[in-house]
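Chain A is fixed; fit chain B onto it per the hints.
There are 2 protein chains.
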Amino acid sequence: MLFRQVYDHIMTRMERGEWNADDKLPSIRCLALELGVNRLTVFKAYQLLKQNGKAYVKEKSGYYVCPEGESQLGDRHDEQQMATSSAVQMNSKLSDIHQVTAAYRFSQAVIDPNLLPNLFLSEYVKKVFDIYPKLMGIYSTPQGDEELREVLSRYLMRHYRVHLHPSEVLITTGAQQAIDLLARIFIRPMDAILVERPTYSAALDIFRAQGARLIPVAFSPAGYDMDMVEMLMKQHRPRFFYMNPTFHNPTGYTLPTLQRKQLVELAERYRCVLIEDDAFHEMYFEERPPQPLFTYDTEGWAVYLRSFSKYVAPGLRICAVFGRQSVIGPLIAAKSLADNGNPLVTQKIFVHYFQSERMQQHLEKLRIALQIRRDIMEEELAAASIDWRWTTPKGGLNIWLRLPDTVSASELFDESIRQSISFVPGQICDPLHEMQSWIRLSYSLVNEEQLRVGVQRLADIAQRIQKR
Amino acid sequence: MLFRQVYDHIMTRMERGEWNADDKLPSIRCLALELGVNRLTVFKAYQLLKQNGKAYVKEKSGYYVCPEGESQLGDRHDEQQMATSSAVQMNSKLSDIHQVTAAYRFSQAVIDPNLLPNLFLSEYVKKVFDIYPKLMGIYSTPQGDEELREVLSRYLMRHYRVHLHPSEVLITTGAQQAIDLLARIFIRPMDAILVERPTYSAALDIFRAQGARLIPVAFSPAGYDMDMVEMLMKQHRPRFFYMNPTFHNPTGYTLPTLQRKQLVELAERYRCVLIEDDAFHEMYFEERPPQPLFTYDTEGWAVYLRSFSKYVAPGLRICAVFGRQSVIGPLIAAKSLADNGNPLVTQKIFVHYFQSERMQQHLEKLRIALQIRRDIMEEELAAASIDWRWTTPKGGLNIWLRLPDTVSASELFDESIRQSISFVPGQICDPLHEMQSWIRLSYSLVNEEQLRVGVQRLADIAQRIQKR
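Sequence lines, in order, name chains A and B. To convert, note that position 437 of the first sequence is 438 in the numbering used here; the numbers rise steadily by one, no gaps. To convert, note that position 303 of the second sequence is 304 in the numbering used here; the numbers rise steadily by one, no gaps.
Everything labelled a hint here was simulated from the structure, so no lab data went into it. If you're wondering where the values come from, they're calculated on a predicted model, not measured in any experiment. Take these hints with a grain of salt, some might be off.
It does not matter which identical chain is used: a pair holds within one copy or between any two.
Distance condition first, Cα-Cα at most 16 Å in a straight line; then the derived EDC-like pairs of lysine to aspartate or glutamate [unchecked claim]:
hint : residue 1 : residue 2
1    : 135       : 124
2    : 395       : 461
3    : 135       : 113
The shape of chain A in the complex, shown without the other chains:
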């Protein structure tokens, strides 16, 4: 397994342009020293590079980078290699998929703008500018607007009885930036980190770019295998565990309360930071989800990312990071370097809207609308004469669908795109680039009519593939 991570690490550095065509790669000894791994591991990674047509050997001189064209040729040599290479390409495909303008976009876990109270929000913005007429002329501090941080600190207190000082809150541009900044302060090349399997693919891209060694933790409807988590923490001493325990993306699963408490204990014992990404918390259907894992933490091992981009106002890109000084301090320093602070305009609009009654009403309506869409998607999936399986999500935006063995996700994907239907193949959510029998379908963006028609068409395509 480890050599595969070293392989990915080298590929990342090649993609970054650190080593170009016909450059000499570092000697096995040097790279082993730099990455703190065994020479045999580097040797195996170099062998795989050679096998995949990414590197070639010059007698007595070492390994060199293959020019692009030749690497393509190299790939055609056998089936096995084709698979590896397509996995690597899949790696960077989420943004590509999002570029596709399909009629039935099940690929984007984004809320239909028609479900957001846009007109009200626009009116609201005008009020905010009446309150702060000079808003446009003022910079925010890198940490974020103090008024906003106070409001969020009170919010945590009121909802979860957790006391955090406003100085322990950082505002970022969406959860994406929070994950990137955390990766920058925690990860050195080849550091082990735990990630759920499957997980948010953009987070995987960030961690890989930072050179992390990804240790997967399977997420099932029952949660994690806690003995396995403990063993992995013991064995790999990961810097952190990046998790999305509530209405998880892509599966929709939720980690039970007991495991939340156990994880906090494990984190303390093995000094492993828990990064809890909680973007979907408020998007529950029947009942409230368990408390954030973060609220059980008394020793400061948990960092809580609460994005409001998805459901309050995507246009504002506001995410809050809650954590103890030991993490928030370095994070503020990283944020200062990265962009010196979010715009003040968007923070002020957010803080006033967030506290309004209208916001609560919006949320209640939104939950109902999302639940209806989930129900429609499930109805249509169940009506199809295909043996696909899923676990009903109790919140969030996605259904994680297991295809029958006779239908491969990549075949279904190619055919669907041709018919203007998009979804996310499971493979790109998998730290191991596998999970080829799974796909993520988002029911949040397309309207009810499109949902019905789109899923019916998807089922037709799957059926045709099955019959071949």
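Using the frame of chain A, we list chain B on its own:
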């Protein structure tokens, strides 16, 4: 010189928490291999760490990190070391200085919010929301709003006759994020880069955090020493030259047209990217500055950063990066990972305001207001019976003041802060942590009355120090 850069590199990694108190540092051989430098260089860096009380030696086992307390003690041993240590502390002081709530804030190169057309802007925002009522519900692409990129592409064409396609423009959160993303895609640890001396201190912080080896190029009122620049490019093969050639921060100097053309030639010859940071271009007093260096580039070696945060609307944090696909491509990928795109709200507000007639009127008034403030500052500086010297800035926000030898910047700084006057000590703008006889005074934030009184008081303080 090189060992000092290795020293800074190790200090950065210690500050990041990569190596903590009593951790063993890498062996000299390993670190030399990792950084691609001579072992002797690493040895010298370790010696300096030891001397400064940052590391200690265990017999036959190597170098270890000193705990914080002891390092403080270690520093007291001799004068030389005190200086080194205070230079390192100075390093992270710009944000600290900005936290100081002085009555006379000459430390911030920010435009007085009273000089911005705030009320008009607020009215403007309301119009924008009337045009795009669903603005709040929509994400921008990572690269930035297409309408905005088209407008900026046309702007370049109209003003400088340079044709760049909208796909060759990237929108970032201020110039700060553009610099950070460029550092991330270009710099590997110990890569050489050229920086002006003095320069924007936050850029130095970013480059150091990324592990760059900083090669200084002196910037005088006459520009750079071009032979020296060529020699440095030849010798160090720098990845890029980060420059701010127009109304330079902190000096206010402007690079002459001839040198701009020569630099573009040198960049091609030595394959050194030119990063032209041009935040002050529109803030000229008597006449327009020379064309951006970027406009002379035909081979794609120049990247042009044009921030509008300073003078259009700081609250929006909009910066545009212009460059060829070979740079913009990786930059978009980095931006996607970093935060997946600026908020759409701020981009739409900006694009409409930027094209308005009112914006042109504002700019003309702003130039006059800034010129008046510069004149007042110069008047008061000249009236003081102190032999300080400066070159009149023809634009921008700052005066770069050389103190008489009898007055040290750090003494003046400590005393000024006590009397509620802030400025930026030259040392933190210097890649070599020297320039202790220089300070940066910004005339853009404080009003005319405060300018007079503040400079008079500063002169009084300097005089008292001189007489001691």
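Broken hints, by number | 2
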